[in-house]
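Colleague: Protein chains in written order, with numbering that gives the first Met the number 0: chain S, 0 to 245; chain A, 0 to 255.
Just so you know, these hints were derived from the structure itself, not from any lab.
What you were told as hints is all true, and nothing was included just to trick you.
Residues on chain A that point at chain S, a partial pick, calculated with CB under 10 Å:
| no. | residue |
| --- | --- |
| 1 | Leu159 |
| 2 | Asp244 |
| 3 | Leu247 |
Think of the CB as a built atom: it goes at the ideal place given N, C-alpha and C, for glycine as much as any other residue.
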Amino acid sequence: MKDAVICVQDLSKSFGNHEVLRKIDIEVRPGEIICIVGSSGSGKSTLLRCINKLESQTSGKILYHGKEIRDVQREVNEYRAKVGMVFQSFNLFNNMTVLQNCMICTRKVLHVSKEEAFDRAITHLKEVGMAPYIHAKPSQLSGGQKQRVAIARSLCMNPEVLLFDEPTSALDPEMVGEVLNVMKQLATTGLTMIIVTHEMAFARDVSTRTIFMDRGYVAEDAPPAELFSNPKNPRTREFLSRYLAG
Amino acid sequence: MGYNFWEITDPGNSFEWMIFLTKKYLSMFLEGTWLTLYIAVLGTLLGFVLGYLIGIIQDLRINQGDFFVKRVLIRLLKLIAAVYVEIFRDTPMIVQAMIIYYGIRQMGVNMTSVVAGILVTVLNTGAYMAETVRGGIGSIDMGQREGAWAMGMSPMKTMLYIVLPQAFRNIIPEMANTFLTNLKMTSVLNVIAVQELFMAAKTVGGNYYKYFESYMVIAVIYFVLCFFFNKVFIFLERRMKGKDDYALAVEYMDNQ
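Pulled out of the complex, with its shape left as it was, chain A reads as follows (with noise of 0.2 Å):
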């Protein structure tokens, strides 16, 4: 072996500097990595719990004998959902997180760019999914609520055991989408100052003034994550897919 790339000293071409820059400074695009990692997993797992509670909030029916107190407070809950998921679903994520970052700070409370990303992140999930948990609530056939509620089982019980787990199973190509589009978009987190990848690329990148490598090793780290999680997702999808027989009971087969 006389030649070895990790081993450039002097680079000449382009991809001997991505190799230069990616050796020299390893720990800042580890740390970028950890951190859109961090905050893409982070983000979207609260974000999926947002998104489905405003999505069952905004599957809630009023029955006409409920209390009055019941009945306001469901209307109000409704319409907090609903203008929530408006105003984020109609914002850019990256002016939402120029507001919501010097928002907070104006009002005094000190919080991190971190934890103002993942808060971010959170309520842009959160009214994408609520839209996604409303079409997969729908999606499913009227006739298996009824069941249920024909035996008794409240309308929560029924969401709960009957409609969000057959819900779950056809919204996870669109979770799965959610989560790739997050790990993706964390990168306009750097305009409040989150150390994520881009964060990293644009401070290599400025050190030797080589914008066009620095940036081309983050895109092949985003490359990389997406693919894996991609191929990932598709293996959990069939895995939830069951056992397409089933074994007859035979200790039941006689005394019939």
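The shape of chain S in the complex, shown without the other chains (with noise of 0.2 Å):
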């Protein structure tokens, strides 16, 4: 309980009298991998955008480090900075070039020299392969392109958790491989990660931990070779069946 990192304490969430998330418990402790899986709708966004707290929550808490985050916007500012995001759409700032995209946080939020937040850009934007992009536009790239540049934007802020909501389901196949890859490569830095996928190979062989989400509740959660080989729910089972089978 101490040690986790993020904690969701029995949190709900009503869009009127549409309940999305339902008494939802979750731990995340350092170093995990947490692939968060389920049919649309089950609440897979919501939850991890209520942890990102882009949403709030209709009851319950989302603790960090043991300390709850409140609706003030001094202290959720604060916790963003340690808790970054990686969306769908992307949301590069599409005033800016790559190199401004991800310098713009670490100079206006951490306060960082130009340097260093020159230096950090050009260190992440290397890890994902884009630093030669550096003077492009966002809608100067391909969606896969730009989808790298976002997760080494988030990079640069050197979070503790980094939560990635669908980042491949707006590309097609071929540049889904290469976003994966990225992916792939910073789950062995020992970065806390929690995502939200479609892609049921990549939640099998990369995570640490599988949560199986369905109309608002967890419905299962357990390391991935056992959410996968040998599923205890039966909403589980179908699930996993129906995508196997299509």
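Starting from the two chains in their separate frames, assemble the complex, guided by the hints.
Modeller: And the structure:
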């Protein structure tokens, strides 16, 4: 309990009468790579957005190192600087080049020096293979390239946890591979990651823990070897069989 | 050259009258032009600042966890902004000019008509710009903000560095439009005795009972001014679009 980086406690979220998340309890320990799978509308993305405070929960708590993150802008900002997020739609800043995208938040949020921000940007852009494109604007890049820049941009903040919200869902099959490779490489660095994905093979091979969500509940939470080969929940079984068949 | 338009002393047709009046009252027309430009430029620029402020206020959001004072303050600001925008959008500028000029004078403050004219232009522009800015902000995809928020950037900084620069670019044509409108709308300020172009034409026309010719002169001046600025704005807009290509940073091509 104490050594958990992020702790989701009894979290519920509803949009009007529609309950999206129901009493979620998840503990995330350092170095864990958690993949969240489940059918569309099961609340995976909403859970991730609640963890990053982009949605405020209806009830329950998010704890960061045992401390509750309240809905106060200052606390939320400090917390987010530590818990980065990569989006399905990339969300690169359209008015800036790749390099500026990677430097703006380290400069304006962490207040590091220009040289330091530049070095960080180049280091992480190299990691994702996008360093030659520092002068390009987001609109001039392919989807896979954009997503790799978005990952580098998040890494520049030296986050403790990185959240991925369906990072490959907006990409065509050829580009999915390049992004997944970057993520696989990241997984070996010890960074704590929570990944919402539809890539079952990736979840099986890379995650240290897989969570299956169904209608707002955590239906199953187990190591991937167990969840994929011997699912306990009938809904998990149904979902996986459909996935493997289709 | 036996015939020189500029040297006419006994004008016959309307065209000759226009030349004659322009020459005779050149300093008056020039001063009118200068004042028109001065009020339009200053009023528009300050109005833009006001419009951006109001637009940003209208976009403020209240967090559930915010302190009571902050929540009340934001609500109050939003209310003031909404009332201001409605009042100035729903009344004619010529009426606003009268009310502000005479209202302030009645309060015992000695305000020159030029200052009052600028004030009216600023307030009027601000109200319209607020709506334009609000629309411009709304046109920027929510993901742009979420991308910044998710890295810990505060909503204010996000607005400043991410949203406004993009919104600004989107509303440049509308801002150009507003300026051109203001350039022409300064003509109503003659009702509070601002010596701008319209006032000049009125005075000049009255001297010789040549109203048609006199107003034709300022029509030409307005046209030239607007035409010129329009071209300048189109040029600037093109310049701001930026390059379509980019240079690969070859120094980082290897060791990947």
